[in-house]
Amino acid sequence: MEINKTTLGIAAGVAGTLFLGYCIYFDHKRRSDPEYKKKVRERRRKAKKAAAGRRPEIPNLVDKDAVQRFFLQEIQMGEMLISSGHIEQGVEHLASAVVVCGQPTQLLQVLQQTLPAQVFTLLIHKMKEYGNKMEQQAKEGQVEELTDDLE
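The number in the numbering used here is simply the position in the sequence shown, starting from 1, with 6 added.
No wet-lab data here; the hints were simulated from the structure. Ideal placement from N, C-alpha and C gives every residue a C-beta, glycine not left out. Treat the hints with caution; some may be incorrect.
Claimed, not checked - DSS-like, lysine-lysine: derived pairs with alpha carbons at most 25 Å apart:
#, residue 1, residue 2
1, Lys-43, Lys-134
2, Lys-11, Lys-70
3, Lys-139, Lys-45
4, Lys-132, Lys-52
5, Lys-134, Lys-45
6, Lys-55, Lys-45
7, Lys-54, Lys-44
8, Lys-70, Lys-55
9, Lys-54, Lys-139
10, Lys-70, Lys-52
11, Lys-70, Lys-54
12, Lys-35, Lys-132
13, Lys-54, Lys-43
Unchecked claim - Pair by pair, the computed Cβ-Cβ distance ranges are:
#, residue 1, residue 2, range
14, Val-68, Tyr-136, 17 to 23 Å
15, Phe-32, Glu-85, 41 to 47 Å
16, Gly-15, Lys-45, 38 to 44 Å
17, Glu-135, Gly-108, 45 to 51 Å
18, Gln-115, Asn-138, 44 to 50 Å
19, Gly-108, Lys-35, 20 to 26 Å
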């Protein structure tokens, strides 16, 4: 039995049509599920929380060795990410390094000389963001202390 090109083409067309039909059916069934939108929202919420919580944990500032390891690790990660094109993530790591640095003004001067102007500007904005977050957390902590004192 010999299979010619026409038969092979028809078989491939039928298989492709069946696959496309199954994909359309499955998508329709998935979207008509009442829990679908709820699951999508939950997945997006989790992804947003994971992205926001990606900032590395700052070590205990009393432990000088841990701070130094953290500082060097963050500088290396920041440089590596920026050189590979992941500017946002690299700037986050550099900002974390500046936060724990004992002499942040000198480090910022060095970074200003070595980083492109756009990246350095992004770093400054990230530092302001971190400062605002720390102020807000400090205020929340003070409010909690006040409510504990009142009770």
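Against the structure, the hints come out as follows:
Between Lys-43 and Lys-134 the alpha-carbon distance is near 36 Å, which puts this suggested pair outside the 25 Å criterion. For the proposed pair Lys-11 and Lys-70, the alpha carbon gap of about 74 Å is over 25 Å, so the pair is violated. Distance restraint check for Lys-139 and Lys-45: the Cα-Cα separation of roughly 30 Å exceeds the 25 Å cut-off, and the hinted pair is therefore not satisfied. A distance of roughly 23 Å separates the Cα atoms of Lys-132 and Lys-52; the hinted pair therefore holds under the 25 Å criterion.
For the suggested pair Lys-134 and Lys-45, the alpha carbons sit about 35 Å apart, so the restraint of at most 25 Å is broken. The hinted pair formed by Lys-55 and Lys-45 meets the criterion: a straight-line CA distance of about 15 Å does not exceed 25 Å. Distance hint between Lys-54 and Lys-44 is fulfilled; the C-alpha atoms sit about 15 Å from each other, no more than 25 Å. Of the pairs offered as hints, the one joining Lys-70 and Lys-55 is violated, with about 30 Å between alpha carbons and a cut-off of 25 Å exceeded.
Restraint check for Lys-54 and Lys-139: satisfied, since their Cα atoms lie roughly 17 Å apart, inside the 25 Å limit. The straight-line distance between the Cα atoms of Lys-70 and Lys-52 is roughly 34 Å, outside the 25 Å bound, and the hint therefore fails. Distance hint between Lys-70 and Lys-54 is unfulfilled; the C-alpha atoms sit about 33 Å from each other, more than 25 Å. Distance hint between Lys-35 and Lys-132 is unfulfilled; the C-alpha atoms sit about 44 Å from each other, more than 25 Å.
The hinted pair formed by Lys-54 and Lys-43 meets the criterion: a straight-line CA distance of about 16 Å does not exceed 25 Å. For Val-68 and Tyr-136, the hinted distance range of 17 to 23 Å is satisfied, since their beta carbons lie about 20 Å from each other. Between Phe-32 and Glu-85 the CB atoms are about 45 Å apart, so this pair conforms to the stated range of 41 to 47 Å. Roughly 40 Å separates the CB atoms of Gly-15 and Lys-45, a value that falls within the hinted 38 to 44 Å.
Taking 45 to 51 Å as the suggested C-beta distance range, the pair Glu-135 and Gly-108 does not conform, at roughly 22 Å. Roughly 23 Å separates the CB atoms of Gln-115 and Asn-138, a value that falls outside the hinted 44 to 50 Å. The hinted window of 20 to 26 Å between Gly-108 and Lys-35 is violated, with their beta carbons roughly 60 Å apart.
Going down the numbered hints, you'll see the structure goes against 1, 2, 3, 5, 8, 10, 11, 12, 17, 18, 19, while the others check out.
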